[in-house]
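Trainee: Protein chains in written order, with the numbering used here: chain Z, 332 to 601; chain W, 332 to 601; chain U, 332 to 601; chain P, 332 to 601.
I should point out that these hints are in silico values taken from the structure, not numbers from a laboratory.
Owing to the predicted nature of the structure, the values given are computational and were not obtained by experimental measurement.
Incorrect hints may have been included.
Same chains, same label: a pair holds when it works inside one copy or across any pair of copies.
Quick list of in silico lysine to aspartate or glutamate cross-link-like pairs, DMTMM-like style, CA-CA up to 20 Å [said to hold, decoys possible]:
| hint | residue 1 | residue 2 |
| --- | --- | --- |
| 1 | K370 | E595 |
| 2 | K493 | D482 |
| 3 | K370 | E596 |
| 4 | K370 | D410 |
| 5 | K588 | E527 |
| 6 | K456 | E422 |
These are the residues of each chain, in order.
There are 4 protein chains.
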Amino acid sequence: MLLSTSCDFEFEIVVPTPFILMLRPRSGAQQWIRSEEYKLSPSVPVLEFTDSYGNLCQRLMAPPGPFSVHTSAEVMTMDAIDRAPGAAFIEVQELPDNVLIYLLPSRYCESERFGNMATEITTGKLLGYDQVAAIEDWLRRTISYVPGSSDVPISATEVNAKQSGVCRDLAHFGIALCRSLSIPARMVVGYCYGLEPMDMHAWFEAFVGGRWYTFDATQSVDSEPKAAYVAIGFGRDAADVAVYNQFGPAVYPISQKVAVRRLEEDTGPL
Amino acid sequence: MLLSTSCDFEFEIVVPTPFILMLRPRSGAQQWIRSEEYKLSPSVPVLEFTDSYGNLCQRLMAPPGPFSVHTSAEVMTMDAIDRAPGAAFIEVQELPDNVLIYLLPSRYCESERFGNMATEITTGKLLGYDQVAAIEDWLRRTISYVPGSSDVPISATEVNAKQSGVCRDLAHFGIALCRSLSIPARMVVGYCYGLEPMDMHAWFEAFVGGRWYTFDATQSVDSEPKAAYVAIGFGRDAADVAVYNQFGPAVYPISQKVAVRRLEEDTGPL
Amino acid sequence: MLLSTSCDFEFEIVVPTPFILMLRPRSGAQQWIRSEEYKLSPSVPVLEFTDSYGNLCQRLMAPPGPFSVHTSAEVMTMDAIDRAPGAAFIEVQELPDNVLIYLLPSRYCESERFGNMATEITTGKLLGYDQVAAIEDWLRRTISYVPGSSDVPISATEVNAKQSGVCRDLAHFGIALCRSLSIPARMVVGYCYGLEPMDMHAWFEAFVGGRWYTFDATQSVDSEPKAAYVAIGFGRDAADVAVYNQFGPAVYPISQKVAVRRLEEDTGPL
Amino acid sequence: MLLSTSCDFEFEIVVPTPFILMLRPRSGAQQWIRSEEYKLSPSVPVLEFTDSYGNLCQRLMAPPGPFSVHTSAEVMTMDAIDRAPGAAFIEVQELPDNVLIYLLPSRYCESERFGNMATEITTGKLLGYDQVAAIEDWLRRTISYVPGSSDVPISATEVNAKQSGVCRDLAHFGIALCRSLSIPARMVVGYCYGLEPMDMHAWFEAFVGGRWYTFDATQSVDSEPKAAYVAIGFGRDAADVAVYNQFGPAVYPISQKVAVRRLEEDTGPL
Numbered sequence: 332m333l334l335s336t337s338c339d340f341e342f343e344i345v346v347p348t349p350f351i352l353m354l355r356p357r358s359g360a361q362q363w364i365r366s367e368e369y370k371l372s373p374s375v376p377v378l379e380f381t382d383s384y385g386n387l388c389q390r391l392m393a394p395p396g397p398f399s400v401h402t403s404a405e406v407m408t409m410d411a412i413d414r415a416p417g418a419a420f421i422e423v424q425e426l427p428d429n430v431l432i433y434l435l436p437s438r439y440c441e442s443e444r445f446g447n448m449a450t451e452i453t454t455g456k457l458l459g460y461d462q463v464a465a466i467e468d469w470l471r472r473t474i475s476y477v478p479g480s481s482d483v484p485i486s487a488t489e490v491n492a493k494q495s496g497v498c499r500d501l502a503h504f505g506i507a508l509c510r511s512l513s514i515p516a517r518m519v520v521g522y523c524y525g526l527e528p529m530d531m532h533a534w535f536e537a538f539v540g541g542r543w544y545t546f547d548a549t550q551s552v553d554s555e556p557k558a559a560y561v562a563i564g565f566g567r568d569a570a571d572v573a574v575y576n577q578f579g580p581a582v583y584p585i586s587q588k589v590a591v592r593r594l595e596e597d598t599g600p601l
Numbered sequence: 332m333l334l335s336t337s338c339d340f341e342f343e344i345v346v347p348t349p350f351i352l353m354l355r356p357r358s359g360a361q362q363w364i365r366s367e368e369y370k371l372s373p374s375v376p377v378l379e380f381t382d383s384y385g386n387l388c389q390r391l392m393a394p395p396g397p398f399s400v401h402t403s404a405e406v407m408t409m410d411a412i413d414r415a416p417g418a419a420f421i422e423v424q425e426l427p428d429n430v431l432i433y434l435l436p437s438r439y440c441e442s443e444r445f446g447n448m449a450t451e452i453t454t455g456k457l458l459g460y461d462q463v464a465a466i467e468d469w470l471r472r473t474i475s476y477v478p479g480s481s482d483v484p485i486s487a488t489e490v491n492a493k494q495s496g497v498c499r500d501l502a503h504f505g506i507a508l509c510r511s512l513s514i515p516a517r518m519v520v521g522y523c524y525g526l527e528p529m530d531m532h533a534w535f536e537a538f539v540g541g542r543w544y545t546f547d548a549t550q551s552v553d554s555e556p557k558a559a560y561v562a563i564g565f566g567r568d569a570a571d572v573a574v575y576n577q578f579g580p581a582v583y584p585i586s587q588k589v590a591v592r593r594l595e596e597d598t599g600p601l
Numbered sequence: 332m333l334l335s336t337s338c339d340f341e342f343e344i345v346v347p348t349p350f351i352l353m354l355r356p357r358s359g360a361q362q363w364i365r366s367e368e369y370k371l372s373p374s375v376p377v378l379e380f381t382d383s384y385g386n387l388c389q390r391l392m393a394p395p396g397p398f399s400v401h402t403s404a405e406v407m408t409m410d411a412i413d414r415a416p417g418a419a420f421i422e423v424q425e426l427p428d429n430v431l432i433y434l435l436p437s438r439y440c441e442s443e444r445f446g447n448m449a450t451e452i453t454t455g456k457l458l459g460y461d462q463v464a465a466i467e468d469w470l471r472r473t474i475s476y477v478p479g480s481s482d483v484p485i486s487a488t489e490v491n492a493k494q495s496g497v498c499r500d501l502a503h504f505g506i507a508l509c510r511s512l513s514i515p516a517r518m519v520v521g522y523c524y525g526l527e528p529m530d531m532h533a534w535f536e537a538f539v540g541g542r543w544y545t546f547d548a549t550q551s552v553d554s555e556p557k558a559a560y561v562a563i564g565f566g567r568d569a570a571d572v573a574v575y576n577q578f579g580p581a582v583y584p585i586s587q588k589v590a591v592r593r594l595e596e597d598t599g600p601l
Numbered sequence: 332m333l334l335s336t337s338c339d340f341e342f343e344i345v346v347p348t349p350f351i352l353m354l355r356p357r358s359g360a361q362q363w364i365r366s367e368e369y370k371l372s373p374s375v376p377v378l379e380f381t382d383s384y385g386n387l388c389q390r391l392m393a394p395p396g397p398f399s400v401h402t403s404a405e406v407m408t409m410d411a412i413d414r415a416p417g418a419a420f421i422e423v424q425e426l427p428d429n430v431l432i433y434l435l436p437s438r439y440c441e442s443e444r445f446g447n448m449a450t451e452i453t454t455g456k457l458l459g460y461d462q463v464a465a466i467e468d469w470l471r472r473t474i475s476y477v478p479g480s481s482d483v484p485i486s487a488t489e490v491n492a493k494q495s496g497v498c499r500d501l502a503h504f505g506i507a508l509c510r511s512l513s514i515p516a517r518m519v520v521g522y523c524y525g526l527e528p529m530d531m532h533a534w535f536e537a538f539v540g541g542r543w544y545t546f547d548a549t550q551s552v553d554s555e556p557k558a559a560y561v562a563i564g565f566g567r568d569a570a571d572v573a574v575y576n577q578f579g580p581a582v583y584p585i586s587q588k589v590a591v592r593r594l595e596e597d598t599g600p601l
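Using the sequences and the hints given, assemble the complete structure.
Mentor: Written as structure tokens, this is what we have:
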């Protein structure tokens with residue numbers, strides 16, 4: 332599937348403000364960035380670096396006055412996310428080194444507290460993919476998905492107390508549950524085709540059967556196409572994958588627009 | 332100063348248990364490992380890897396039965412930790428790329444919540460080193476240091492509520508306060524000469540004036556020698572720098588011994 | 332300066348052929364990629380990874396039949412390359428760790444053989460930038476720059492024997508001479524505005540005064556604008572920065588077009 | 332097998348001289364460093380870093396006068412090197428990203444020149460391990476192994492012209508032949524038990540069947556134990572894995588001693 336994505340931010344800056352943006356998607360196994368735009372107005376010097384998770388991050392100093400960020404991309408992505416019922420749990424000692432960090436608790440995923448709950452949710456399931464699918468399904472049935480209901484990230488413990496949340500919250504809870512079963516899990520932010528209302532999205536991935544698989548408790552299993560994801564950033568949780576981090580006195584976007592369209596052009600399979 | 336350090340763990344393993352140990356100190360700007368032992372009994376295959384913070388980690392599968400880990404080292408370390416009153420705050424846009432991760436909130440350091448408190452604690456201080464020194468001093472005066480008072484890591488928010496803690500807790504609080512002022516801060520675990528009671532120790536470092544400086548609110552500023560630290564691991568907080576992580580059914584050491592001695596041999600300055 | 336760059340390859344593939352392309356420029360201190368296209372025809376799955384020099388590389392399997400690669404970009408680059416007469420030689424022990432690899436001899440830069448020649452060329456010069464400028468100047472006066480005169484990379488020793496070469500050859504020779512003086516030097520491939528005839532270009536950078544500076548013995552010092560470079564890849568020499576590596580039976584492009592235009596739009600300084 | 336290794340260098344330094352040493356073996360899949368010593372006399376500050384191949388490197392400034400380096404280790408290593416006749420050739424597009432660099436030509440391995448020779452040597456062999464074994468065997472039969480016959484590294488082309496060489500030379504030739512067949516190959520330096528005369532040793536590894544396998548054309552296939560290797564450094568060729576690099580006016584060791592002993596203690600399998 333060929334998608335066109337865009338994200339536009341407008342800020343009104345008062346004092347020179349350092350930003351770290353994470354708005355340039357990378358080509359990878361699941362997506363190919365065939366074109367891309369990244370424009371800043373006014374134009375300012377930018378340093379780009381690769382963080383420890385492999386994300387491209389853009390550092391800049393926003394000058395006082397109106398400041399806008401425009402990014403867009405044409406991305407070839409998969410027609411449906413991979414599912415793999417039965418894919419095996421990977422024993423910790425067999426995991427690749429760089430996956431181990433996703434077993435540890437993190438800011439918004441207090442995985443050390445959810446061992447019993449996760450065990451109960453997954454009772455009777457095959458170890459591995461089926462456990463994660465059971466967690467995803469449990470979240471879908473149990474935690475109300477209320478888009479726009481919160482601005483500030485909250486942690487799995489808080490989501491559990493609240494029993495509802497935005498996409499990010501459900502992802503945090505899913506990640507915490509997986510990790511408590513020694514299944515590596517990580518947060519993804521990016522675009523999702525067909526999302527309503529349209530916005531940046533967050534979901535999670537779990538490492539089973541030797542690779543990362545996508546899970547998203549906010550989407551119906553029957554929705555079609557259940558697929559069209561474009562990842563921008565990967566990390567342990569929302570603390571790692573903010574589409575922007577800003578330092579100094581708080582600055583909020585006065586406008587933020589996200590769009591995802593399907594392009595008609597037939598490009599064949601990714 | 333030349334130190335001899337050792338750490339011994341004994342476990343009684345019931346089912347084969349994956350471990351990730353972080354017990355091999357690395358030579359660096361502040362310390363030189365001139366000899367080292369690392370012995371496992373029974374001997375098992377070990378894979379060693381470097382994590383994303385640069386720590387050496389040892390992966391192994393502990394077999395059922397008694398399992399012991401012995402590490403020791405002779406380390407040349409500094410005679411006194413560096414102090415640098417006046418060392419400048421580094422603007423975010425000037426920080427090295429690999430330091431940026433230490434600005435973000437993490438599992439036990441909810442830095443996004445402590446902006447006001449940190450501002451108040453550091454009122455009137457020069458930006459940079461002096462702010463961190465004020466935080467260290469405030470912690471020393473305010474939070475009771477009670478070695479052995481907790482086993483499980485707690486977060487800065489919880490330490491603030493409790494107003495007391497172990498070395499790890501004070502470090503978490505200090506880190507959260509620094510990061511809320513856009514000062515990169517990280518956790519260090521390792522050995523500290525003269526600690527009473529002797530145990531593994533935790534402290535923190537802040538990045539000011541272009542490098543990392545050591546801070547430790549558990550030690551009196553007047554104690555002599557205020558120095559002799561041997562770092563084993565660096566990370567965002569205790570979640571990253573456990574001297575061991577163990578997976579599967581919980582296993583606790585039936586014995587743990589830490590020793591730090593000063594060697595008489597005159598080796599001159601590091 | 333705002334440049335539009337493009338590169339088009341057409342191949343006629345006989346058997347399925349693995350390719351590793353290096354055709355996606357990265358934003359960095361000297362350039363900002365504000366838009367970019369990367370299209371393959373037919374469309375095939377691509378894996379992108381970051382190599383040990385920080386370059387983005389695209390892995391794919393080209394299927395039998397016609398296969399074309401189109402990349403283009405709009406890049407904001409500097410109006411003039413930085414010059415820094417007097418910038419100091421950095422003692423080896425003061426060099427950043429990740430620069431050290433650029434002191435070692437490499438496939439096409441047998442730096443261990445050029446110590447005497449480099450010393451003679453730079454006699455009387457200040458250590459550092461001025462030595463490299465003297466090397467660049469010596470190459471410009473001594474080695475005939477003959478675009479299109481060779482297809483296969485040759486080494487500094489061979490360039491020295493031949494006394495002429497393409498841009499890549501002059502860069503190899505310059506790199507070898509710098510390294511023999513313990514000055515880190517690396518190869519850059521990319522686009523150069525105003526190049527005649529237009530083609531992919533190669534130049535070199537030397538690390539003096541604490542950063543990398545651009546040198547290019549193929550361009551007159553008086554040419555205007557002496558600047559407009561867009562880097563695609565960095566490495567020790569041509570072995571590391573091929574815009575494509577192809578494995579299996581040799582395949583040659585049946586067509587290769589490179590274009591660099593200046594865009595009129597006034598974008599202000601980078 | 333439990334080995335004791337040691338390496339001692341003595342230098343007479345005239346002017347302050349930067350060194351980069353690579354003398355600290357790392358624990359890995361094939362070896363476990365259970366104790367280690369690293370002593371410098373006089374003691375000087377040392378910075379240790381991890382290079383892009385994963386080797387630990389020690390940077391220091393040797394002061395004028397006598398300067399000695401002592402390293403020793405007790406290492407548990409395998410009783411016999413793994414052999415895997417039939418292990419498959421891995422298609423380039425299936426290789427791990429970080430292995431790809433070992434397909435490229437390098438300073439002493441001009442692999443782009445040996446395609447025909449390698450094809451001929453391996454005629455009729457299964458692709459993969461058996462090709463490398465054929466290359467190893469061909470080297471053993473064809474190129475005279477003459478320990479101590481050269482001090483300066485020479486390249487595969489030069490070894491081919493000379494038809495004899497030291498361990499390093501045979502390794503370079505083997506690596507170049509493998510790479511010309513799109514088989515990743517890398518150089519290893521370290522210790523070899525039973526070597527005569529005892530010295531630092533060099534051999535090579537090829538990546539087939541999904542992992543690195545050891546090859547050494549200097550050793551008889553029948554020698555017993557054909558095993559006991561302790562690796563210190565990995566790289567593309569000798570340019571990457573010098574046990575020391577020294578900068579400025581050349582300094583040669585006035586004494587160099589290498590020892591490898593077998594320890595009696597029964598430690599069981601690695």
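Trainee: Does each hint fit the structure? Answer for all of them.
Mentor: Hint check:
In the homo-oligomer, the alpha carbons of K370 and E595 lie at most 20 Å apart only across protomers (16 Å), although the nearest pairing inside one protomer, at 25 Å, exceeds that limit. For the identical chains of this complex, K493 and D482 are intra-copy neighbours only, at 15 Å inside a copy versus 28 Å across copies, given an alpha-carbon limit of 20 Å. In this assembly of identical chains, K370 and E596 lie within 20 Å of each other by CA distance solely across copies; the values are 13 Å between and 25 Å within a copy. Proximity of K370 and D410 under a CA criterion of 20 Å is satisfied inter-copy only: 19 Å between copies versus 29 Å inside one chain copy.
Taking CA atoms no more than 20 Å apart as the test, K588 paired with E527 passes inside one copy only; the shortest distance there is 13 Å, against 44 Å between copies. Proximity of K456 to E422 under the C-alpha cut-off of 20 Å is restricted to the intra-copy arrangement: shortest distance 16 Å within a copy versus 36 Å between copies.
In this structure, none of the earlier numbered hints is contradicted; all agree with it.
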